[in-house]
Amino acid sequence: MSVASLWDDEPRWLRIVADPRIFAIACAWLFILTVAGTWAQRDVGLYLAQERYFTAWFLWFGQTPLLPGGRLTLSITGLNLLAVLFTRRSARSPGLFILHAGTLALLAGCMLGGALRQEGSLALAEGESGDEMRSWRHHELAILVDGPEHDRLVRVGEGLLHQGGTIAQAELPLTLTVVDHQANCRPRLGGGLDPLLPEKEVERNAPGVVLRLPDGSQVAVCENGPVVELAPGVRAGVRRMGTAMPFTTELVHFTRENHPGTGMARRFSSEVLVHEAGSSRRVIISMNRPLRIGPWTLYQSSYIEAPDGSMTSVLSVVRDRFSLSPYVASSIMLLGLLLHIVLRMRRPGVA
Numbered sequence: 204m205s206v207a208s209l210w211d212d213e214p215r216w217l218r219i220v221a222d223p224r225i226f227a228i229a230c231a232w233l234f235i236l237t238v239a240g241t242w243a244q245r246d247v248g249l250y251l252a253q254e255r256y257f258t259a260w261f262l263w264f265g266q267t268p269l270l271p272g273g274r275l276t277l278s279i280t281g282l283n284l285l286a287v288l289f290t291r292r293s294a295r296s297p298g299l300f301i302l303h304a305g306t307l308a309l310l311a312g313c314m315l316g317g318a319l320r321q322e323g324s325l326a327l328a329e330g331e332s333g334d335e336m337r338s339w340r341h342h343e344l345a346i347l348v349d350g351p352e353h354d355r356l357v358r359v360g361e362g363l364l365h366q367g368g369t370i371a372q373a374e375l376p377l378t379l380t381v382v383d384h385q386a387n388c389r390p391r392l393g394g395g396l397d398p399l400l401p402e403k404e405v406e407r408n409a410p411g412v413v414l415r416l417p418d419g420s421q422v423a424v425c426e427n428g429p430v431v432e433l434a435p436g437v438r439a440g441v442r443r444m445g446t447a448m449p450f451t452t453e454l455v456h457f458t459r460e461n462h463p464g465t466g467m468a469r470r471f472s473s474e475v476l477v478h479e480a481g482s483s484r485r486v487i488i489s490m491n492r493p494l495r496i497g498p499w500t501l502y503q504s505s506y507i508e509a510p511d512g513s514m515t516s517v518l519s520v521v522r523d524r525f526s527l528s529p530y531v532a533s534s535i536m537l538l539g540l541l542l543h544i545v546l547r548m549r550r551p552g553v554a
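The sequence shown runs 204 to 554 under our numbering.
If you're looking for bench data, these hints aren't it; they were derived computationally from the structure.
These numbers were taken from a predicted model, which means no experiment stands behind them.
Where is the CB? At the ideal position from N, CA and C, for every residue including glycine.
Take every hint as true, because none was put in to throw you off.
Cβ pair distances, simulated, as ranges:
#, residue 1, residue 2, range
1, I507, D222, 48 to 56 Å
2, W242, V545, 40 to 48 Å
3, R340, R389, 13 to 21 Å
Please model the complete structure; the sequences and the hints are all you need to start from.
Rendered as structure tokens:
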């Protein structure tokens with residue numbers, strides 16, 4: 204029986220949405236996007252290439268969206284796979300049904316993981332400990348208010364730091380108005396900010412903001428600048444947004460080995476104490492040996508050497524609650540493929 208005859212009683216819209224040619228065209232377009240995004244990365248950097256090609260709904264040419272971006276293409280692919288699950292073709296082949304379901308699970312896990320994934324860093328000198336990840340990309344305005352018993356930290360996210368925005372919270376003794384916001388800048392002598400071109404590596408950008416105080420005066424706060432006093436007992440600074448981790452990492456010792464006769468690092472690693480739920484354990488984090496704690500993964504990414512020779516270990520931190528989804532989905536796909544092969548071999552006349 205032909206595939207066409209199996210679809211005779213199915214709705215026309217289902218046959219259109221489940222057309223296998225949609226999947227083939229989408230895969231070809233994803234390949235083109237991958238090549239174009241990889242090529243563009245040389246000029247605009249990794250983050251902007253991802254934003255323009257892979258996580259965008261459309262490819263923009265000026266102010267006009269002309270072509271589907273990676274997110275829209277993956278969404279169309281997922282809709283196509285979902286429709287295939289309800290066709291009679293899948294119902295007559297359990298192996299193909301499981302194979303398509305596994306592919307759909309892989310796609311859904313990757314899209315959800317990419318949308319909810321958090322990335323940042325944790326920099327520690329020997330003897331220091333930390334329980335907060337600092338974002339690579341996102342920043343916040345941190346305002347410290349002195350109190351009679353304890354100080355209060357007010358964190359203002361990037362969403363409120365647009366020009367003309369107002370910062371008024373119950374914890375703040377004054378109302379602030381955003382006069383200017385720059386994604387990358389440096390403090391100007393005498394006050395203000397000097398805007399800079401965006402860096403290819405987004406983590407190198409140093410944002411800043413100009414605030415108007417209630418008395419009409421203005422102050423400039425920049426990540427690369429000093430902490431600024433807004434009022435007696437009220438100080439502000441721009442920093443990378445922090446995310447609390449459910450454990451504390453303490454750096455015991457940092458080790459670096461150089462290539463013989465050179466000052467280039469051959470390998471480096473961090474010996475850390477991980478304090479979690481009232482217990483501690485000693486772990487080595489090296490370049491090819493990350494530390495995994497639930498959805499959190501700590502990688503040894505780099506280090507900072509101070510003029511006095513002291514070393515600071517820089518750990519990349521990733522929180523991915525869907526990190527196991529590729530393994531689960533691949534197992535489902537393998538099961539479906541094996542089942543399809545076995546059922547095909549058991550049919551009469553099939554060798």
